[in-house]
Amino acid sequence: MQLDLLHVDPLVLAAIAGMAAATYFTRFIGYWLVRHRPVSGRLAGALEAVPGALLTAIIAPMALATGPAETAAATLTVLLALRLPLVVAVAGGCLAVVVLRAVLG
Amino acid sequence: MTASPSDRRGEFAAGAFTILPLLVAVVPFGLLLGTLAAQKGLSPLETALMGATVFAGASQFVAVEIWTTPPAVALLAATALMVNLRHVLMGAAMAPHVRGWSRGATYGGLFFMADEIWAFALRRGAETPLTPAYYLGLSLPLYLGWVATTTLGAVFGGVLQDPARYGLDFAFTAVFLTLLVSLWKGKRTFYPWLAAALAAVAAHQLLPGVWYIALGGLAGTLVGACQGPAARGVVSGEATDAA
Chain Y
1 MQLDLLHVDP LVLAAIAGMA AATYFTRFIG YWLVRHRPVS GRLAGALEAV PGALLTAIIA
61 PMALATGPAE TAAATLTVLL ALRLPLVVAV AGGCLAVVVL RAVLG
Chain S
1 MTASPSDRRG EFAAGAFTIL PLLVAVVPFG LLLGTLAAQK GLSPLETALM GATVFAGASQ
61 FVAVEIWTTP PAVALLAATA LMVNLRHVLM GAAMAPHVRG WSRGATYGGL FFMADEIWAF
121 ALRRGAETPL TPAYYLGLSL PLYLGWVATT TLGAVFGGVL QDPARYGLDF AFTAVFLTLL
181 VSLWKGKRTF YPWLAAALAA VAAHQLLPGV WYIALGGLAG TLVGACQGPA ARGVVSGEAT
241 DAA
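So the protein sequences, as listed, match chains Y and S. Mapping of the first sequence onto this note's numbering: residues 1 to 105, in sequence order. Mapping of the second sequence onto this note's numbering: residues 1 to 243, in sequence order.
Chain S on its own, in the form it takes in the complex:
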């Protein structure tokens, strides 16, 4: 793919302009995550490092929720893997749009594949070829904004003494409920979620620790496997094209 520097600047600006409204929405979540991280004893630098290297909101909220001192390294890594499994499907759907990209741009770009960036990149790719410059325009503002706001939250969140007083112990549940609302796809999602909820509540009553997360997730995933793929899945359509 050949492009002049001014083309690249234009593409970058177009991507950055597209992501700007979302950046505003990310600020409170970043501050909240930083605050919750500080409650669990993470320092601002540790929080910044997590945001900069993981860059995946949902899994960071989960990690902070199940965080212990000292941290359970293997459990945290395994949980991040499970929470982020959706990226496997998202990455498969990206394949046709990055075919002209260099190897470095492709594997570098996939590092930034957060849900919002992925969604905007695919929307762009449906209209006009997706360039690395446009993708970087989408990624960089959100990435810098995420690291900055989570760090700020950690700096000032440590001062807050009793999070339950402000309902902050419920904030994490509320964030995930809103994510679930945006994931809802009717009957296809109802049965896996019902299985996950029942298994999780039962495991939470009967077993110690956070086993309820893995068992609930597994129950829902098995129901999803029995249902099979959606009639017109992103992956089955796009992947055949890429293969």
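With the rest of the complex left out, here is chain Y:
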């Protein structure tokens, strides 16, 4: 396998630039906006709900609708994360999914 360390595809560059611009926009716009008016009411409720809702939406199919091994490993990951460092919970979840897939098929 040839490792092309310094390869840069123009479309990949465009995607990265788009992501960077979008991310920087989210980082400065909140500061910029409150100079005019405070965020409150339903808008604040909506913005507050966005990160958790998105993260949940992203993982829900894998965690809930793939198979018993994935759902069990997801549950174990959450339980580990409640008590232990997050890195340990991630490692435990990955280990669990390997073992459970072998056991449950």
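These are computed hints drawn from the structure, not numbers from a lab. The hints are all genuine.
With beta-carbon atoms standing in for the labels, derived distance ranges:
#1 Y/42 / S/70: 36 to 42 Å
#2 S/6 / Y/75: 49 to 55 Å
#3 S/209 / Y/8: 24 to 30 Å
#4 Y/5 / S/10: 37 to 43 Å
#5 Y/95 / S/7: 46 to 52 Å
#6 Y/42 / S/69: 37 to 43 Å
#7 S/140 / Y/14: 23 to 29 Å
Chain S is faced by these chain Y residues, among others (derived, beta-carbon under 7 Å):
#8 28
#9 55
#10 90
The model shown is predicted, which means the values in this text are computed figures rather than measured ones. Cβ atoms here follow ideal geometry from the backbone N, Cα and C, with glycine treated the same way.
Fit chain S to the known structure of chain Y by using the hints.
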């Protein structure tokens, strides 16, 4: 804000010392992200460029998860925007603490506003005025560490042939589950997340592609809008002060 060079050095060192334990925790995540990026065909330089210009872990994990060849440029940018919407609230909360900063320091500093840096900056600001030097002390080690570890992961991750064998296809789900645990705030979060999960699973069964992410996120956000803001929101309190 006037400060002597030795004051600035002290502030920088204090910030760097504060962020150091977190730097250790970031290493495995950076290596993991680089590994996953290499699995999707991103070169180490492309991975380094993404880390250096985006510098937002969660959105980079999502981007790599939905990455295709050739990449869907608009979808990736829109997804980064949605995943990082929380920064809008975080930036609003930063406003009172950067009032004495120059324009360059403010808009430059906001580039580095990752979750951990934001949290430590606000903690500092609650005790003593937050200086650009302290903020840079928080930011620079984490930034350099993130770019270095994601790049290393991409260099060595490409060698790994079957990620599922090591459960790495599940790693991304596990990372987000742990982030969700740290975001959990009881009933306030339960209903938006339930709506997001139901909508996402349904959309995933019925629609092609990654529409389930946008639809699930939208469902949860609408429930959040119906709930309204937290009784003592960071933003409503701090922003009034800044306005």
